[in-house]
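Going down the list, the sequences are from chains A and B.
If you're matching positions, the first sequence starts at 1 in the working numbering and goes up one per residue.
If you're matching positions, the second sequence starts at 1 in the working numbering and goes up one per residue.
Since the hints were derived computationally from the structure, they do not count as laboratory data.
A hint or two may mislead.
The calculated DSSO-like cross-link candidates involving lysine-lysine, where the alpha carbons are at most 27 Å apart (straight line), are [unchecked claim]: (1) 48(A) to 59(A); (2) 48(A) to 61(B); (3) 31(B) to 8(B); (4) 31(B) to 59(A); (5) 88(B) to 48(A); (6) 61(B) to 88(B); (7) 59(A) to 88(B).
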Amino acid sequence: MEWNDPELVEGSLAWDWLEQGRAQGRAEARAQARAAGPRRIFLRVLRKRFGALPPWATKCVEAMSIEELERGVEPLLDGGTLEQALPDALAWQWLLRGRDEGARRVFLRMFRAKFGPLPHGSMLAYYVHTMSVHDLEELSERMLTTEDPDALFEGKLSLQATHASARDGKPPDVSEG
Amino acid sequence: MMTRTIMKVAEMAGLDPQLVVGSLASTFLEKGREAGRQECEHGPDAGLPEARRLVLRLLNKRFGPVPSWVHERVGALSIDALEELSEKMLEASSLDEVFG
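All chains should be modelled from the sequences, with the hints used to inform the complete structure.
The following block contains the structure:
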């Protein structure tokens, strides 16, 4: 049954379902619109306090209702940790960790299969764990067409540099790019 | 078209009638929902009154009852300006500092 179905006339069951769905969609969009202002304020204060947010925190803020956002800003101004500032922080962390873990393992497996075992002291595994799944997906795709593991990162992340940083004992900066 | 008719047809076709009605319903509900969401797509200024109200409430809690000039100032601010103002509230210790 499709949109242009002859059964889809006013008063039919399908029509009722459509209308019911439409009303729900409108209500959701309006609630979303009302929450947009408070959400921006909440996010701004959150970022000012904690810097760039991990993916789980972004997802969590996206899911917060207007009431949660309004209630949440004030304690945020007064201190506390990121986990305390967000409702169900632990649940979101686990949810995204579980989802991301698979992508990371697949990426590392593919990388090893193509370029051999990771060199000793390589911080590639560390990098992979700090990357977003979106970036990992892009890298996986690029891996199919490149023969040079350094080129894979387009110079943004040289494997040599990761060795040097590993010797210096400080984690390299991966937030840019 | 009535639920009964659908269920009868489904039964004749050897399908679980409840399942058929349920999946038809959810298909249409979902389509309608998508359409409804698109109808009410919001612009960049969405939630501006709510943002102003929130900022006024925060100012009130932190610095006590807000004077009328603050009401006026906040009432004229864009969302961007409201965001900046809330950021300032992290460090400011007086209303003058926030609006300075």
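* Asked: If you draw a straight line from the CA of residue 48(A) to the CA of residue 61(B), is it 27 Å or shorter?
  -> holds (20 Å)
Review point. Has the given pair, residue 48(A) with residue 59(A), been kept, meaning a C-alpha gap of at most 27 Å?
Key: With a Cα-Cα distance of about 18 Å, the restraint between residue 48(A) and residue 59(A) holds, given a limit of 27 Å.
Under the criterion that the straight-line Cα-Cα distance not exceed 27 Å, is the pair residue 61(B), residue 88(B) satisfied? Holds - the C-alpha atoms of residue 88(B) and residue 61(B) are around 15 Å apart, at most 27 Å.
Hinted pair residue 88(B) and residue 48(A), Cα distance within 27 Å: holds (10 Å)
Is residue 31(B) close enough to residue 59(A), meaning Cα to Cα at most 27 Å?
holds (25 Å)
key: Holds or violated: residue 59(A) to residue 88(B), with C-alpha atoms at most 27 Å apart   = holds (25 Å)
>> Given the hinted pair residue 31(B) and residue 8(B), is their Cα-Cα distance within 27 Å?
In response: holds (24 Å)
Consistency note: the structure conflicts with none of the earlier hints.
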